[in-house]
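Using the sequences and the accompanying hints, generate a full structural model.
Heads up: the sequence shown is residues 99 to 457, going by the numbering used here.
Simulated from the structure, these hints should not be mistaken for lab results.
Careful, some of the hints might be misleading.
[What the hints assert, rightly or not] Mimicking DSS-like on lysine-lysine, the simulated pairs with C-alpha atoms at most 30 Å apart in a straight line are:
(1) Lys280 x Lys352
(2) Lys311 x Lys368
(3) Lys352 x Lys142
(4) Lys105 x Lys125
(5) Lys171 x Lys258
(6) Lys125 x Lys210
(7) Lys368 x Lys443
(8) Lys223 x Lys315
[Claimed, not checked] Ranges of calculated distance between the beta carbons of each label pair, as one might list FRET restraints:
(9) Lys311 x Asp189: 11 to 21 Å
(10) Gln337 x Asn383: 54 to 64 Å
(11) Asp313 x Ile215: 45 to 55 Å
(12) Leu143 x Gly200: 38 to 48 Å
(13) Asp313 x Lys270: 55 to 65 Å
(14) Leu328 x Ser308: 24 to 34 Å
Since this is a predicted model, take the numbers as computed values, not measurements.
Positions of the beta carbon are idealized from the N, C-alpha and C atoms, including for glycine.
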Amino acid sequence: MSVPYEKQILIIDDSAASIELVSHILKRSYFSIRIAKSANAALKLLQNQLPNLILLDVSMPEMNGFDFCQVLKNNHQYSSIPIIFLTASNDEESIKKAFELGAQDYVTKPFKPAELIARVNTQLKLIQQTEDLKNAYNNLDAFCYSVAHDLKSPLLSIKKLIDFLLEDCCTKFTNDEEELAKNIQEKVAEVTGIIDHLLGFSHAGSQKISISKIDTKTLFYTVFKELSTLEGERQICFQVEDLPIIQGDPVLFKLLFQNILSNALKYTRKEKCAVIHIDFEVLENYIIFSVADNGVGFDMKYADRLFHVLERLHSNKEFEGNGVGLAICQRILQRQGGKAWLTGKSGDGATFFFSVPNL
99 MSVPYEKQIL IIDDSAASIE LVSHILKRSY FSIRIAKSAN AALKLLQNQL PNLILLDVSM
159 PEMNGFDFCQ VLKNNHQYSS IPIIFLTASN DEESIKKAFE LGAQDYVTKP FKPAELIARV
219 NTQLKLIQQT EDLKNAYNNL DAFCYSVAHD LKSPLLSIKK LIDFLLEDCC TKFTNDEEEL
279 AKNIQEKVAE VTGIIDHLLG FSHAGSQKIS ISKIDTKTLF YTVFKELSTL EGERQICFQV
339 EDLPIIQGDP VLFKLLFQNI LSNALKYTRK EKCAVIHIDF EVLENYIIFS VADNGVGFDM
399 KYADRLFHVL ERLHSNKEFE GNGVGLAICQ RILQRQGGKA WLTGKSGDGA TFFFSVPNL
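As structure tokens, this is what we get:
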């Protein structure tokens, strides 16, 4: 008889009887089974091959299921593997704890074959749907990249033509014609800038990650020095606390810091003396960085919009920009296991927060 599909399930349970029963139920549905009788044994198996799903007993020696679940969810290698708890307890506190630790479901003993198979299949379907969505997103991302890239060629041709007309034929233009040509030149430059930023947004989501140690204080100073050369004689008070060394991709984090500081410099431009202060806080699982400025700020009711692509709260006449920088920041951080958010008040500055895993 042909096997329609094969998904690998890791059963972690110290009870031989329980393992035998669960294995028998799952093998009848053509699942591939691996077995570990303790948390330590399970870790060794995980280092060799990742399963599609874990069935985890709550009551085990050495390390119970709740503690082991927390270990797995705190490790980025294993955190995405769905976990179904196997438990003899049906009390509300145990169930609540299981979900709080990141488990996807639970099955109570004694096992009912139909229920166990149904819960396993539900989680596997969710995995497949998530994978399908991810692939669709990547395909859309690749399509957008291709379209943006293809648009650059005709725009560059238009730019060259307008530049030629303004340089070699401007004496034949009337004042109105020359002004029109300059307007076209400006709009071409604006659209080209948007496309470049969209390509950067796509690149931030697809670039291969290379993890190494990053001295965040040094990197912030390096980026600020590069950006401040474009700020002329502005008074800028740049304050950086003793920031920690983190693990991440140096190229992506430099791009992140460039976008963060570019925003801070841009929106403090109307201040007599710009103040940018960078600090951090260490939590159990994350390090939270904050970049505060004394710029124009924003109304918090628009906070959710700020990380959307091409979303802006100010016109180009007020502050130049393409509405992609913050979206790039969010994408970079999500790829590194963190996230970004903003707080602020109109006329009273803004603070950019971002988290990274505390590894």
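Right, here's what the structure says about each hint:
1. Lys280 x Lys352: 35 Å, violated
2. Lys311 x Lys368: 36 Å, violated
3. Lys352 x Lys142: 36 Å, violated
4. Lys105 x Lys125: 10 Å, holds
5. Lys171 x Lys258: Not satisfied, since the Cα-Cα distance of roughly 54 Å exceeds 30 Å.
6. Lys125 x Lys210: 15 Å, holds
7. Lys368 x Lys443: 16 Å, holds
8. Lys223 x Lys315: 44 Å, violated
9. Lys311 x Asp189: 11 to 21 Å: 45 Å, violated
10. Gln337 x Asn383: 54 to 64 Å: Violated, since glutamine 337 and asparagine 383 (Cβ atoms, about 27 Å apart) do not stay within the stated range.
11. Asp313 x Ile215: 45 to 55 Å: 51 Å, holds
12. Leu143 x Gly200: 38 to 48 Å: 20 Å, violated
13. Asp313 x Lys270: 55 to 65 Å: 58 Å, holds
14. Leu328 x Ser308: 24 to 34 Å: 28 Å, holds
In the structure shown, a violation is registered for the earlier hints numbered 1, 2, 3, 5, 8, 9, 10, 12, in ascending order.
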